[in-house]
Each structure stands twice: as structure tokens, then as C-alpha cells.
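Go ahead and model the full structure; you've got the sequences and the hints to work with.
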Amino acid sequence: MSHKLIAFDIGKIPKNFDLDSPPLTGLDYLYRVQIESKTCPKVVVSNIDKTKYLDRRTVRVDVCNGFIAARPGFEPDSEWQDEHLETFRDYKLKIWENREQLKEKFPKRYFPPIHKKDDWCFYCLGAEKYKLVKEDESESSRDTEVELSPKRARFSNSPNEPLLSIMLHLNQRRIITLLTYHVDWLEITGFSDLQGKWVYALLVRMETPLDPDACDLLRRLARLCSKLRYELSTSDDEFLKPLNLILSIVAHYFDQKDMSDDFVGDSSK
Numbered sequence: 043m044s045h046k047l048i049a050f051d052i053g054k055i056p057k058n059f060d061l062d063s064p065p066l067t068g069l070d071y072l073y074r075v076q077i078e079s080k081t082c083p084k085v086v087v088s089n090i091d092k093t094k095y096l097d098r099r100t101v102r103v104d105v106c107n108g109f110i111a112a113r114p115g116f117e118p119d120s121e122w123q124d125e126h127l128e129t130f131r132d133y134k135l136k137i138w139e140n141r142e143q144l145k146e147k148f149p150k151r152y153f154p155p156i157h158k159k160d161d162w163c164f165y166c167l168g169a170e171k172y173k174l175v176k177e178d179e180s181e182s183s184r185d186t187e188v189e190l191s192p193k194r195a196r197f198s199n200s201p202n203e204p205l206l207s208i209m210l211h212l213n214q215r216r217i218i219t220l221l222t223y224h225v226d227w228l229e230i231t232g233f234s235d236l237q238g239k240w241v242y243a244l245l246v247r248m249e250t251p252l253d254p255d256a257c258d259l260l261r262r263l264a265r266l267c268s269k270l271r272y273e274l275s276t277s278d279d280e281f282l283k284p285l286n287l288i289l290s291i292v293a294h295y296f297d298q299k300d301m302s303d304d305f306v307g308d309s310s311k
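The opening position of the sequence shown corresponds to residue 43 in this note's numbering, with each subsequent residue numbered one higher.
Just so you know, these hints were derived from the structure itself, not from any lab. Watch out, some of these pointers could steer you wrong.
Claimed, not checked - Below, in silico cross-link-like pairs of lysine-lysine (DSS-like), each with a Cα-Cα straight-line distance of 30 Å or less: (1) 94 x 57; (2) 147 x 158; (3) 239 x 80; (4) 150 x 239; (5) 159 x 283.
Now the structure itself:
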């Protein structure tokens, strides 16, 4: 049986204690505090009339966060999800613990300056996807001419994979910037196996705690991946598992729980 610990023992309140007279000593004051505390409820809830503040409200919050829940049969299996999240955590830990040794083992290869978005598009996605992206941008800007710059022309037309000789030599600012580029390109080109690899590698290198910009970027990525998943015609589609993996990482590793099928399912009950 547990007993409530007393911070300051003032003894029992005298039977002839007069509450009407002003406190003359410290004990008199403490007796009054003890008597008043017994009359206070354990939980107090303020009753606020919210209607009188409606005309003063400057911000409206949309309950819908833009995440599209999986249709039946398209959601990730919980056992599969746990297994792949554990693998993701292991990759992050190993790279973090051995990053200096790995940098020596995988020396930096040439890649574009981070502010050269077009060069990175050509470098990551290759000439074919680069042309798609530029054509989309040209239509938006009413510029129909798509050319390769002299520097970009020296890259191979084939896309590059996210090798350690690249990923280990990007700091956090560059990781966030490059992931932003990939989200932009995903909106134009749709999902591909190669872009799935790049997004996964960038998430492995992303550090926590997240700053507001990084958090907003991950939520944008989750909304987009949920949309791309919703557009799949069959649950046998080759892109279902990689999309579910990215969604699982954002929701459960980076703690964006409302960007998950579990959260949407629970909140609708």
C-alpha cells in the first residue's frame, strides 16, 4: 500500500482553528492552504464561449492533410513494413557510425553543384527523363526549345544511381535541396524504379530532428506518393511496394504519423 509523501509536515489542523481571523503565523497560513486545497476539484475545465472569437480568427486549419489512404489490398502488410523499417534504420546507423571510413573507401566522384537543378536532373534521370522535365517546364513558360548546355553535354546520357561516392559527400543542406528536386520531378515524370532508389538513399542520409522546411518537404513527398499509389490500377503493380516503403519511412521513422493508412483508418472510425 502506497502513502502520499508529505513535502512539509505541519501536523494536524487544530480543532479550534479559526478560519475567519487573519493568519498570524506561517503555520496559520499553511493550515488555510491545506483546507482550501481539499475543496478544489482535481480537474478544472474552463468553459469558454468560442463563438465570440469567430470574427477575430485569422487562421483556418484544414482538417484534410492531403494524404490519400490506400484502397483495400494496396496498404502495406504490417510484418513487411516492420521488417523494411528495421532495415532502413540499420542502414542509417551503419552510415552514421562509419561515415568517415566510408568516405575514404568511396572517394567523391564528380557531380554537379547543388544549385544547378537542370544539371542534377540530367545527372540523376538521364537524357530521356531530362527532356520530359524540360518539355513540361517549357510548356509552362511557353518556351518550346529544349537544349543541353555545353557542361551538361559531357555527362553520359544514361542516368546515375545514388552511389555512396555521391551520397556520402553531400551535407544536409544539399540532401534537402536534392530531395526537393526529386519531388518536383516526380510530379512531372511519375514514379520510376530509379527515382525510388534516389528518394530512399536521400532519406537514409536525412538527419533528425527535422527543421520545419525538411518536415514540410517530407509531408509533400508523402502526399505525392499516396497520390501516385492511388493511381495504380492493380495491387500487383511493381511500384506499389516502393511507394509503400517511402510512405512507411516518412510516417513511422520521421514521425509524420498522420501521413499513414493507420492514422487515416483510425480517425475515420
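Now the hints, each set against the structure:
1. About 48 Å separates the Cα atoms of residue 94 and residue 57, which puts this hinted pair outside 30 Å; it is violated.
2. This hinted pair checks out: residue 147 and residue 158 have alpha carbons roughly 27 Å apart, not beyond 30 Å.
3. Taken as a hint, the residue 239 and residue 80 pair is broken in the structure, with Cα atoms around 63 Å apart against an allowance of 30 Å.
4. Proposed proximity of residue 150 and residue 239 is supported: the alpha carbons are some 19 Å apart, at most 30 Å.
5. Restraint check: the Cα-Cα separation between residue 159 and residue 283 comes to about 28 Å, which is no more than 30 Å; the hinted pair holds.
In this structure, the earlier hints numbered 1 and 3 are contradicted, and the remaining ones agree with it.
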